[in-house]
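Engineer: Spelled out from the first residue to the last, the chains are:
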Amino acid sequence: MTVFSRNPIHSVIYLIICFFAIAGHYLLLNAQFLFIVNIIVYAGAIMVLFLFTLMLMNLNQDTEQHKPAIARMAAVIASGLLMLVLVAVLRKVDYMPLPPEAQNLAVGTIQNLGKVLLDEYLFPFEFVSVLFLSAMIGAVLLSKKEKPVTK
Amino acid sequence: MNHLLNIFSVVPIQYYLLVSAVLFCIGVFGVLFRRNAIIIFMSVELMLNSVNLLLVAFSTYRNDASGQVFVFFVMAVAAAEVAVGLAILVAIYRNVHTVDIDELKNLKW
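Note that the protein sequences, when read in sequence, are chains R and Z.
The numbering of the first sequence is the working numbering, which starts it at 1 and goes up by one.
The numbering of the second sequence is the working numbering, which starts it at 152 and goes up by one.
Be a bit skeptical, because a hint or two may be false.
To be verified - Below are the DMTMM-like pairs computed for lysine to aspartate or glutamate, each with C-alpha atoms no more than 25 Å apart in a straight line:
id, chain 1, residue 1, chain 2, residue 2
1, R, Lys144, Z, Asp251
2, R, Lys144, Z, Glu232
3, R, Lys115, R, Glu126
4, R, Lys92, Z, Asp215
5, R, Lys115, Z, Asp215
Unchecked claim - Just so you have them, the derived chain Z footprint on chain R, three or more residues with Cβ under 8 Å:
id, stretch
6, 16-26
7, 35-46
8, 73-85
9, 121-133
It should be emphasised that the hints constitute simulated quantities derived from the structure, not laboratory data.
Each residue gets a CB set at the ideal place from its N, CA and C atoms; glycine is no exception.
Generate the whole structure from the sequences, applying the supplied hints.
Structural biologist: This is the structure in structure tokens:
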């Protein structure tokens, strides 16, 4: 429905529903920290950004033309074939589950994730902060109005 | 706690594999099918989320917290990508007044 609705605003709302469903899956998989982060980051921040851009561009009427028929056919065939191949491969997967007594239910807690994140992955963690800084500067620079050249 | 262990045996990880594969294909389909650049961004988000779901599923079923940390990094990269991408889209829209990707095939106007 995210793909098919003609109004981009409806598309965003369907995408929010989809993200909440995925967050529910995280909760079922006992990953509480990612559940919270998913709701805050995706359903909160990213979707607000999308909606804000849509409002800014004032695109909420369905003015979009469809692609030509051959491109649409190619899209349907390509994604259908990809899904066919993926499903066919994944059906053959021989997965060996852990025995139930080896399951550790504390994997997804904030305490455990924080230990792993700041012990083993401290260096990538710092790099993510640098990445965010550069993304922020880039976004501000790109969306700033261009001044007329004075030279 | 014990009923959660039951879930692991009742819902095998193959189901999560299938859900993620289907979600990823929907994302690919959206990228190929639509012409609105914002909806293409949303389809890319859908693909990233399907991969996140798969990583969390494997991390929980294999008892390994690294997968969830990696999902955290993927979310950070996705947020940065969306911020920069939407800024680029706003700049493009300010210049040419469209976000239709079939109109944006020139590198120079």
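Engineer: Going straight from one Cα to the other, do Lys115/R and Asp215/Z come out at no more than 25 Å?
Structural biologist: holds, 13 Å
Engineer: For the pair supplied as a hint, Lys144/R and Asp251/Z, confirm whether the alpha-carbon distance does not exceed 25 Å.
Structural biologist: Judged against 25 Å, a Cα distance of about 22 Å means the pair holds.
Engineer: Do at least three Cβ atoms from the stretch 121-133 of chain R come closer than 8 Å to Cβ atoms of chain Z?
Structural biologist: holds (count 5)
Engineer: So if I understand the rule, the pair passes when the alpha-carbon distance is 25 Å or less; does Lys92/R with Asp215/Z pass?
Structural biologist: Within the cut-off at roughly 24 Å; holds.
Engineer: How does the coverage statement for the stretch 73-85 of chain R fare against chain Z, requiring three or more residues with Cβ below 8 Å from a Cβ of that chain?
Structural biologist: Three-residue rule met by the stretch 73-85 of chain R, so holds; n is 8.
Engineer: Given that the stretch 16-26 of chain R was listed as covered by chain Z, double-check it with a C-beta distance under 8 Å for 3 or more residues.
Structural biologist: It holds, with 5 qualifying residues against the three required.
Engineer: Are Lys115/R and Glu126/R close enough, with their CA atoms no more than 25 Å apart?
Structural biologist: Judged against 25 Å, a Cα distance of about 15 Å means the pair holds.
Engineer: Against chain Z, does the stretch 35-46 of chain R show at least 3 residues with beta-carbon separation below 8 Å?
Structural biologist: That given contact holds, which follows from 6 residues of the stretch 35-46 of chain R lying within Cβ reach (below 8 Å) of chain Z.
Engineer: Between Lys144/R and Glu232/Z, does the CA-CA distance stay at or below 25 Å?
Structural biologist: It holds: about 18 Å lies between the C-alpha atoms, which stays within 25 Å.
In this structure, none of the earlier numbered hints is contradicted; all agree with it.
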